[in-house]
Each structure stands twice: as structure tokens, then as C-alpha cells.
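Student: Now for the letters of each chain:
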Amino acid sequence: EAGVAQSPRYKIIEKRQSVAFWCNPISGHATLYWYQQILGQGPKLLIQFQNNGVVDDSQLPKDRFSAERLKGVDSTLKIQPAKLEDSAVYLCASSLEPSSGNTIYFGEGSWLTVV
Amino acid sequence: AQSVSQHNHHVILSEAASLELGCNYSYGGTVNLFWYVQYPGQHLQLLLKYFSGDPLVKGIKGFEAEFIKSKFSFNLRKPSVQWSDTAEYFCAVRGDSSYKLIFGSGTRLLVRP
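Protein chains in written order, with my numbering: chain C, 1 to 115; chain V, 1 to 113.
Be careful, since some hints might not be right.
In silico lysine-lysine, PhoX-like type, Cα no more than 20 Å apart, as pairs [what the hints assert, rightly or not]:
1) Lys15(C) with Lys78(C)
2) Lys61(V) with Lys49(V)
3) Lys62(C) with Lys44(C)
4) Lys100(V) with Lys44(C)
5) Lys71(C) with Lys83(C)
6) Lys62(C) with Lys100(V)
Simulated DEER-style distance windows between Cβ atoms [said to hold, decoys possible]:
7) Ser18(C) with Tyr39(V): 30 to 36 Å
8) Arg16(C) with Gly41(V): 25 to 31 Å
9) Leu46(V) with Ser7(C): 19 to 25 Å
10) Gly41(V) with Val115(C): 20 to 26 Å
Hints listed in this document are in silico derivations from the structure and should not be mistaken for laboratory results.
Glycine included, each C-beta is placed from N, C-alpha and C at the ideal position.
One chain only, chain C, in its complex shape (with noise of 0.2 Å):
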């Protein structure tokens, strides 16, 4: 079974620029997220999708990130203009519908560095 994937691996911009980023999540799931997790931290959600809806944003800074997921299955994180503070990984992952007995499997993140 494929696991989430997501992409570029790694990113460096400068501060004020954008970036996006690209999530395909287990075939079949019906739920995405896309975490954030600076170094020496533990991953915060940033949001959360039940297939195109979004069921919670609250810790998005919407300023400047944005995320959508037009068809239900794909979605991309975009920060624009970036700040230093958003150096981290930011993680996609998935499960099926949100109930108590589904797992969520992580991809691999991708590395901002905002310089």
C-alpha cells in the first residue's frame, strides 16, 4: 500500500517569498492534515480536511498560509509572503473517516527554511 506522499522534500526561500506544498494522501482517505513542526517541537495541526470541507483551521495563521483541497483527495499548503518564524517540516497526513478506530500515517514532510 503506498503511503502519503508529499513534495519538494526540502525548500529553501528567503523571507518574504511564497511556497507551496504539495500532499497526496492513502488512496481511499477521506481525511488530511497538514501539521507543522518546528525543530525541538512536537507536530501542531494546522489544519484539517474531511475530504473537501474543512472541519478545523483554528491554528492556521490565514494571513499568510492558505491550504485547499478542491477534489477531495490532493491538497497543497502554500505561506506567502514566508516569515523566518516558519522554518519547520510541515507533515500531510491521513486517515479514513475520523472516528476512534482510524489511524493517522504521516509522510515523510517537507523542510521549509526560510532565510
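Based on the hints, put chain V in the right spot on chain C.
Tutor: Positioned in the frame of chain C, the structure of chain V alone reads:
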């Protein structure tokens, strides 16, 4: 709101030593509890999970965890660690209302050969 605390940020052990990593959570309702592991350069992988039933759960690679509801704890244990267990370990909790998976800050384990 749910939260997770991992008290040990760095742990250094010699091979064959026993391991216990602490995890405490805060949530008023029914929870699902998880331990994820992240080996150097790899993605997060599920180590074990607790949903219901027997509070002592066994995971992969000889790891186990015990859910103690009265203490809001879900500590991870392994009787004898190996060098290959060197990794970062994350405890996570998901509440039954929002299904948000919230992570602790992680514990970095270094096992010396």
C-alpha cells in the same frame, strides 16, 4: 481543550537498560492515546495505540504502554532497549469530540552501544 505533556525531553541509556517515557494528558472525555516514533531521517510511524479495553497495550518492537485513567497517563515502556531504538518518541491524544490529534513535545532517546 486537550493537551499532552512529555516530561523527559532527552534520555540517554545504555543497551539492555529498561526504558520508561512519561506521558500525561489533559482532556475531560473519552480519549484515544498513541505513541509515535520518528527514527532519524524518517517519517512518523505508529508504535502503539489505545482505544478501549485492556489498558496495557503492546506495540511493535517490544514496546508497551499502560493507560492509567486515574492518573491521566500513558507511559511507554520497553524492558531492554537496543541501539536501533535511538529515535524521537511522541505521545499523542485524540479526544472523542473533535478527533484532533494533539502531540506532546517529544522525547529524544539515545541508546549507547
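Student: Hint by hint, note whether the structure agrees.
Tutor: Each hint tested on the structure:
Simply put, Lys15(C) and Lys78(C) have alpha-carbon atoms about 14 Å apart, close enough for the 20 Å limit, and the pair holds. Distance hint between Lys61(V) and Lys49(V) is fulfilled; the C-alpha atoms sit about 14 Å from each other, no more than 20 Å. Restraint check for Lys62(C) and Lys44(C): satisfied, since their Cα atoms lie roughly 15 Å apart, inside the 20 Å limit. At roughly 10 Å between alpha-carbon atoms, Lys100(V) and Lys44(C) fall within 20 Å of each other, so this suggested pair holds.
Between the alpha carbons of Lys71(C) and Lys83(C) the distance comes to roughly 29 Å, so the proposed pair goes past 20 Å and is violated. At most 20 Å may separate the alpha-carbon atoms for a hinted pair to count; Lys62(C) and Lys100(V) meet this at roughly 19 Å. The hinted range of 30 to 36 Å is satisfied by Ser18(C) and Tyr39(V), whose Cβ atoms lie roughly 32 Å apart. Arg16(C) and Gly41(V) have their C-beta atoms about 30 Å apart, which keeps the hinted 25 to 31 Å range intact.
Checked against the given bound of 19 to 25 Å, the beta carbons of Leu46(V) and Ser7(C), roughly 23 Å apart, stay inside it. Distance hint check: the CB atoms of Gly41(V) and Val115(C) are about 22 Å apart, consistent with the given range 20 to 26 Å.
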